[in-house]
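J.: Based on the sequences and whatever the hints tell you, model everything.
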Amino acid sequence: MPEFPGYDGDANPAVQVIKVKAVTHRKDHPIMQTVIGPSEEHVNLAGVPTEASILSLTDRAIPGKVLNVYNPPAGGGKLMTIMQIHKDNEADEGIQRQAALLAFSAFKELKTVILVDEDVDIFDMNDVIWTLNTRFQADQDIVVLPGMRNHPLDPSERPQYDPKSIRITGMSSKMILDGTVPYDMKDQFVRAQFKEVKDWQKYLK
98 MPEFPGYDGD
108 ANPAVQVIKV
118 KAVTHRKDHP
128 IMQTVIGPSE
138 EHVNLAGVPT
148 EASILSLTDR
158 AIPGKVLNVY
168 NPPAGGGKLM
178 TIMQIHKDNE
188 ADEGIQRQAA
198 LLAFSAFKEL
208 KTVILVDEDV
218 DIFDMNDVIW
228 TLNTRFQADQ
238 DIVVLPGMRN
248 HPLDPSERPQ
258 YDPKSIRITG
268 MSSKMILDGT
278 VPYDMKDQFV
288 RAQFKEVKDW
298 QKYLK
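Just so you know, the sequence shown maps onto residues 98 to 302 in the working numbering.
Derived by calculation from the structure, the hints in this document are not laboratory data.
All of these numbers come straight from a predicted model, not from anything done at the bench.
Here a beta-carbon is modelled for each residue, glycine too, at the ideal position from N, C-alpha and C.
Where hints are given, some of them may not hold.
Derived DSS-like pairs: lysine-lysine, alpha-carbon spacing no greater than 27 angstroms straight-line [unchecked claim]:
hint, residue 1, residue 2
1, 162, 124
2, 302, 292
3, 261, 184
4, 292, 205
5, 184, 162
6, 302, 283
Label-pair ranges, simulated between beta-carbon atoms [claimed, not checked]:
hint, residue 1, residue 2, range
7, 216, 241, 24 to 30 angstroms
8, 209, 287, 25 to 31 angstroms
9, 253, 296, 51 to 57 angstroms
10, 183, 246, 14 to 20 angstroms
11, 183, 290, 18 to 24 angstroms
12, 255, 294, 55 to 61 angstroms
13, 249, 119, 57 to 63 angstroms
14, 229, 186, 23 to 29 angstroms
15, 279, 243, 22 to 28 angstroms
16, 285, 137, 34 to 40 angstroms
17, 138, 114, 21 to 27 angstroms
18, 290, 122, 47 to 53 angstroms
19, 119, 158, 51 to 57 angstroms
T.: Here it is as structure tokens:
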């Protein structure tokens, strides 16, 4: 049966086997659901409590600095989070990476954290990838945390994949991608804005 990361899970004798002999449903408006991994429904539902856990912890530790959190389907709702960060002044520089560490503490199965500024739409992956292409330098903005616990259903977390850093199944290197602009450079990263055109509908007539 497929699991949330997008791969079939290992067969296990401890897992009960259900044999279905028949399926019945109403003639009109049958009830349908697809809560099996890795469906959009499944992974989006899985992301909600993860997001809540992260927001709850970060808001207590650094109130007002994490504006929003999104766990996209690409991470199965569990393995990846995108955090929208607010910096008030230069003293807040670095708070974004502290927020990422808090996220890992809030949810141990988290593997990747992407940090973006408040002008980035965290629910639009094009906007997030745009950030990583224009506000990100790999030699400066990647933080790797090796030898940490993660979700054992990630098939890359096996000793055969990397015997040096993965001693047992379920260990992983976690990663922070810091796509936030340094506070003292904010003026150089103002997004282009289109001028508002009033009564634009008249040009379409």
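J.: Now, for every hint given, state plainly whether the structure supports it.
T.: Evaluated hints:
For the hint pairing residue 162 with residue 124, the CA-to-CA distance comes to about 52 angstroms; that exceeds 27 angstroms, so the pair is violated. For the hint pairing residue 302 with residue 292, the CA-to-CA distance comes to about 21 angstroms; that is within 27 angstroms, so the pair holds. Restraint check for residue 261 and residue 184: the C-alpha separation of about 38 angstroms exceeds 27 angstroms, so the hint is violated. For the given pair, residue 292 sits about 45 angstroms from residue 205 by alpha-carbon distance, which is inconsistent with the 27 angstroms threshold.
A hinted pair counts as satisfied when its Cα atoms are at most 27 angstroms apart, and residue 184 with residue 162 qualifies at roughly 7 angstroms. For the hint pairing residue 302 with residue 283, the CA-to-CA distance comes to about 41 angstroms; that exceeds 27 angstroms, so the pair is violated. One distance hint, 24 to 30 angstroms for the beta-carbon pair residue 216 and residue 241, holds here, with the actual separation near 27 angstroms. Residue 209 and residue 287 have their C-beta atoms about 28 angstroms apart, which keeps the hinted 25 to 31 angstroms range intact.
For residue 253 paired with residue 296, a C-beta distance near 55 angstroms keeps the hint of 51 to 57 angstroms intact. Remark: the range hint 14 to 20 angstroms for residue 183 to residue 246 is contradicted by a beta-carbon distance near 30 angstroms. A beta carbon spacing of about 20 angstroms between residue 183 and residue 290 agrees with the range 18 to 24 angstroms that was offered as a hint. Distance hint check: the CB atoms of residue 255 and residue 294 are about 56 angstroms apart, consistent with the given range 55 to 61 angstroms.
Checked against the given bound of 57 to 63 angstroms, the beta carbons of residue 249 and residue 119, roughly 35 angstroms apart, lie outside it. Look at residue 229 against residue 186: about 25 angstroms separates their beta carbons, and that is inside 23 to 29 angstroms. Between residue 279 and residue 243 the Cβ separation comes to about 26 angstroms, which falls inside the hinted range of 22 to 28 angstroms. Between residue 285 and residue 137 the CB atoms are about 38 angstroms apart, so this pair conforms to the stated range of 34 to 40 angstroms.
Between residue 138 and residue 114 the beta carbons are some 24 angstroms apart, a value that agrees with the proposed interval 21 to 27 angstroms. Separation of residue 290 from residue 122 is about 52 angstroms and conforms to the stated range, judged on CB atoms against 47 to 53 angstroms. One distance hint, 51 to 57 angstroms for the beta-carbon pair residue 119 and residue 158, holds here, with the actual separation near 53 angstroms.
In terms of the numbered hints stated before, the structure departs from hints 1, 3, 4, 6, 10, 13, listed from lowest to highest.
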